[in-house]
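Produce the entire structure from the sequences given, and follow the hints as far as they go.
Those protein sequence lines, which keep their order, are chains F and U. This note's numbering numbers the first residue of the first sequence as 1 and each following residue consecutively. This note's numbering numbers the first residue of the second sequence as 278 and each following residue consecutively.
It is possible that part of the hints are untrue.
As the list claims (entries may be wrong) - In silico EDC-like links for lysine to aspartate or glutamate, alpha-carbon gap of 20 Å or less:
(1) F/K36 to U/E343
(2) F/K119 to U/D321
(3) F/K119 to U/E367
(4) F/K36 to F/E126
(5) F/K36 to U/D321
(6) F/K194 to U/E333
(7) F/K200 to U/E333
Hints were generated in silico from the structure; no laboratory data involved.
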Amino acid sequence: MSRATSLVSTDWVQENLSSKNVVFIEVDEDTTLYEKGHIEGAITFHWRDDLQDGLIRDLVSKEKFEALLSKNGITNDSTVILYGGNNNWFATYAFWYFKIYGHQDVRLIDGGRKLWELKGLPLVTEVPTRTASRYVAKDRDNSIRAFRDEVVASIGIKNIVDVRSPAEFSGELAAPAHLPQEGGQIKGHIPGAKNIPWSKAANEDGTFRSNEELSELYKAAGVDFAKETIAYCRIGERSAFSWFVLHELLDLQNVTNYDGSWTEYGSLVGVPVAVGA
Amino acid sequence: MRTCGATPGGPDLAGVDLANQSVIQGAVLRGGISDGVPNGAPVDNAYVRLLDLNGEFTAEVPTNSEGQFRFFAAPGSWTVVVLAHGAREEVIVQAQNGAPVDLIINI
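Written out as structure tokens, the structure reads:
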């Protein structure tokens, strides 16, 4: 896990648009973006419709994941290249997801859809047809996923990194400023968590900051790289972005994404909560 | 395009509780002239970032098919940054409840 194996540049994408073994997947919260235009040959996954169970709150089952990938002609040997809007929030979530189900070669386009558009690179509206395959997923690798009981037991022991905005961390807001505010949920953060917003890891054009800058960012905020680290946000996608930074770019192996995140923790009965900066 | 509508700039404000919201919105247009009347072609693939008083990132939205964007901020000073192919513009605005900030940003 490193920049070389986890990230590709827009130049690399242009050189590999016709590569047979490469599958480009756009992952967005807003699928109208894909319809408006996407990288030539790219298919799309919807972070909720395709990647959430729908009945219970969880990832889709191994069988459903296999069916999704098989339907889209992805094989176990495919090089899967993910990208998306929102500074790759949902693309990094999908990256984490592919790792959970053991896909070998999955990478992210540095800068995602934003950099592609800012560079004025071509987008197409044609939806590709792909021949179905027979994909076999591995059992879930939960070593990169944190669950609520572990999070509660980790307070004061492991690094807990809250990647939401300062206003969500302090308890002023329950959701990001561009989304409706949710009611019926406690506001605040997990006691002892360090607030290191996801956005600090990204440049203005959506690319990741250098490893030196990233390492300094987390260390300066009090994250001890010798300890295990749990990242969380509101629903687990922005924290997948920060998980990607820590686990893939900085190559720290003891990092998990708590995808239950604040929507779960903030609804638990009796757990400790802190407010303020 | 040269329009002179009643609500130049951002999306229609019908249904927005302006009394209790500090709205910052606008439209990004390319090739126009900043002469007070919105003109130019809507830029539907720009990204608009909202930075707080300290320059810290707060939110980012893509423009819609009309080149428009909207934020629900808090009263105070904010910086709106527009990123588009070959262009970058910054505008400092004062948000307040009751009176939306409505921008025309020519790039």
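Taking the hints in turn, this is what the structure says about them:
Proposed proximity of F/K36 and U/E343 is supported: the alpha carbons are some 13 Å apart, at most 20 Å. For the proposed pair F/K119 and U/D321, the alpha carbon gap of about 14 Å is at most 20 Å, so the pair holds. For the hint pairing F/K119 with U/E367, the CA-to-CA distance comes to about 19 Å; that is within 20 Å, so the pair holds. For the hint pairing F/K36 with F/E126, the CA-to-CA distance comes to about 10 Å; that is within 20 Å, so the pair holds.
The hinted pair formed by F/K36 and U/D321 meets the criterion: a straight-line CA distance of about 10 Å does not exceed 20 Å. A threshold of 20 Å between alpha carbons decides the hint, and for F/K194 with U/E333 the separation of about 17 Å falls inside it, so the pair holds. For the proposed pair F/K200 and U/E333, the alpha carbon gap of about 9 Å is at most 20 Å, so the pair holds.
When the structure is compared with the earlier hints, no violation turns up for any of them.
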